[in-house]
Amino acid sequence: MQRVETGLRTETITVNMGPQHPSTHGVFRMIVTLDGETIVDLEPVMGYLHRCQEKIGERNTYLQNIPYTDRLDYICSMSNNMAYVMAVEKLAQIEVPERAEYIRIIMVELTRIVNHAVAIGALLNDLGCFFTPMLYALEERERILDLFEMASGSRMMCNYMRFGGVRYDLPPGFMPELKSVVAALPAFIDEFERLLTENEIVLARCQNVGVLPPDMAIAYSCTGPLLRASGVNYDIRKVDSYSIYDRFDFDVVTETNCDVYDRYLVRIGEMRQSVRILEQALEQIPEGEVSVKLPRVFKPPEGDVYHRIESPKGELGFYLVSDGGTNPYRYKIRSPTFINLTVLPELCKGHKVADVVAILGSIDIVLGEVDR
Amino acid sequence: MSREIYERLVEALPEASFEYLEEKDPAISVKTDDLFEVARYLKEDQGFDYLSAVTGVDYPDRFEVVYHLYSMKKGTRPLTLKVSASKEEPEVPSVTPIWPGANFQEREVYDLMGIRFVGHPDLKRILLWEGYKGHPLRKDFPLEGYQAIGQEEPS
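If you read the sequences in order, they're chains P and G. Each residue of the first sequence is one higher than the one before, starting from 0 at the first, in numbering that gives the first Met the number 0. Each residue of the second sequence is one higher than the one before, starting from 0 at the first, in numbering that gives the first Met the number 0.
By construction, these hints were calculated from the structure, which means they are not laboratory data. A couple of the hints might just be wrong.
Claimed, not checked - Within a straight-line C-alpha distance of at most 25 angstroms, the following computed PhoX-like cross-link-like pairs (lysine-lysine) qualify: (1) P/Lys-54 to G/Lys-23; (2) G/Lys-73 to G/Lys-86; (3) P/Lys-54 to G/Lys-132; (4) P/Lys-54 to G/Lys-81; (5) P/Lys-237 to G/Lys-23; (6) G/Lys-123 to P/Lys-348; (7) P/Lys-89 to P/Lys-298; (8) P/Lys-54 to G/Lys-138; (9) G/Lys-81 to P/Lys-89; (10) G/Lys-42 to G/Lys-86; (11) G/Lys-23 to P/Lys-292; (12) P/Lys-237 to G/Lys-72.
Given only the sequences and the hints, what does the whole structure look like? Please build it.
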């Protein structure tokens with residue numbers, strides 16, 4: 000950095016951003032070392048919301064853990080459910096009826112749209128455009144949460160999926176409402192884009208901020224939109240296809256400028272791809288059973304499995320060790336945002352304090368999942 | 000795929016010893032002393048450039064650290080590596096110099112499971128606070144903790 004020689008003595012200062020700070024999306028602290036307004040060093044401090052979910056998971060039976068997964072990333076409870084039940088299904092080799100697979104895909108893709116809309120709304124909040132864009136995002140989210148309520152009885156903590164299927168079949172009236180929501184989504188995304196994509200303030204604040212080169216993204220184990228905005232074409236739905244994703248025609252969205260703005264673009268693109276998947280799922284969904292009968296006392300065989308899915312925030316994985324009993328012997332959550340935060344100090348160095356807020360917003364953290 | 004990698008490992012690093020575990024997810028078991036060399040070989044010669052997850056498991060007779068690796072270029076399925084550590088003084092070489100993404104995960108395993116990662120640049124607690132007593136994910140940790148709430152030493 001170029002310094003003007005004035006003869007004045009200068010020194011760096013260390014300040015706390017958080018734990019109670021409007022931009023941290025929860026209780027999250029960053030110890031920032033500053034040279035004037037420029038970041039010299041940054042250290043994330045977390046754990047304020049730590050509940051030791053992994054220990055709780057060992058105490059619970061397999062079934063009791065499903066509602067706990069809702070409380071990881073409380074914006075995407077459906078995809079957390081899916082990652083966990085699929086891990087247990089892999090462990091116990093349970094087949095899932097076809098209709099249940101379609102219902103799961105519909106729920107998870109709706110969750111992806113909700114998550115990305117909220118993430119973009121929160122990013123704009125962080126940039127100082129307080130709550131107007133967020134309200135546009137929440138408007139569409141309300142209709143989707145209504146659908147979740149119809150299916151599961153709950154708007155956010157859905158607790159909907161079970162080993163070998165889902166808890167209830169879709170109620171009457173769900174499909175017509177879903178069709179109308181899906182039909183309205185493209186217009187919603189267009190409106191979002193019209194307001195934001197070429198917005199001068201968004202461009203000025205987001206372009207060339209928080210640049211993450213592809214090799215660094217891979218080295219630091221980044222996942223999800225963060226990785227794809229750095230030009231790495233890696234989506235678990237394509238590379239290690241699970242459930243019935245191989246039946247749908249959709250593209251992996253990547254961008255090449257690796258900055259905050261590209262992460263925004265990737266999220267917009269992924270919302271459009273999710274709409275494509277939803278349209279196809281609506282056409283293909285068959286009639287039939289939605290769950291399989293399992294013994295009342297559920298004991299998977301001994302062994303260990305790791306299962307990962309492409310959750311809206313990145314790779315969500317569960318590593319389960321079973322000793323043949325009713326409870327997991329080890330229940331590990333590979334949380335995407337906790338690991339994405341590893342790269343935060345490298346992204347922020349050399350930027351201004353106000354940019355830290357934008358960079359953190361573009362990583363899209365939820366503290367329930369970071370701290371577990 | 001794991002089988003192939005295992006055969007290549009045996010060929011490339013003759014002085015190290017490996018074991019192939021045929022399970023639901025096939026895994027390769029490595030000796031603690033060889034881990035660093037094996038990790039470097041896997042990254043540089045076999046293209047496993049991405050470390051996804053680091054997990055500690057407390058078995059009755061040993062601690063185990065499990066690594067899940069992918070290759071971004073080849074888009075392969077996960078490769079599982081396992082190393083064991085002793086119950087008395089669990090120590091495992093850190094792979095953070097090879098995959099920087101291991102940094103927070105190794106700190107988490109140290110924090111909750113009490114396994115020391117030798118060579119880690121800044122090994123300290125991450126989710127719990129400095130001064131907390133014990134490692135909660137160990138099987139012998141009492142559910143109510145070693146200290147009453149409010150009596151912990153301040154950080």
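Hint check results:
1. P/Lys-54 to G/Lys-23: This hinted pair holds, its Cα atoms lying about 24 angstroms apart.
2. G/Lys-73 to G/Lys-86: violated (37 angstroms)
3. P/Lys-54 to G/Lys-132: It holds: about 16 angstroms lies between the C-alpha atoms, which stays within 25 angstroms.
4. P/Lys-54 to G/Lys-81: Judged against 25 angstroms, a Cα distance of about 21 angstroms means the pair holds.
5. P/Lys-237 to G/Lys-23: holds (22 angstroms)
6. G/Lys-123 to P/Lys-348: holds (22 angstroms)
7. P/Lys-89 to P/Lys-298: holds (13 angstroms)
8. P/Lys-54 to G/Lys-138: It holds: about 9 angstroms lies between the C-alpha atoms, which stays within 25 angstroms.
9. G/Lys-81 to P/Lys-89: holds (20 angstroms)
10. G/Lys-42 to G/Lys-86: At roughly 29 angstroms apart (the allowed maximum being 25 angstroms), G/Lys-86 and G/Lys-42 break the hint.
11. G/Lys-23 to P/Lys-292: Holds - the C-alpha atoms of P/Lys-292 and G/Lys-23 are around 23 angstroms apart, at most 25 angstroms.
12. P/Lys-237 to G/Lys-72: Status holds; Cα separation ~14 angstroms.
The structure shown violates the earlier hints numbered 2 and 10.
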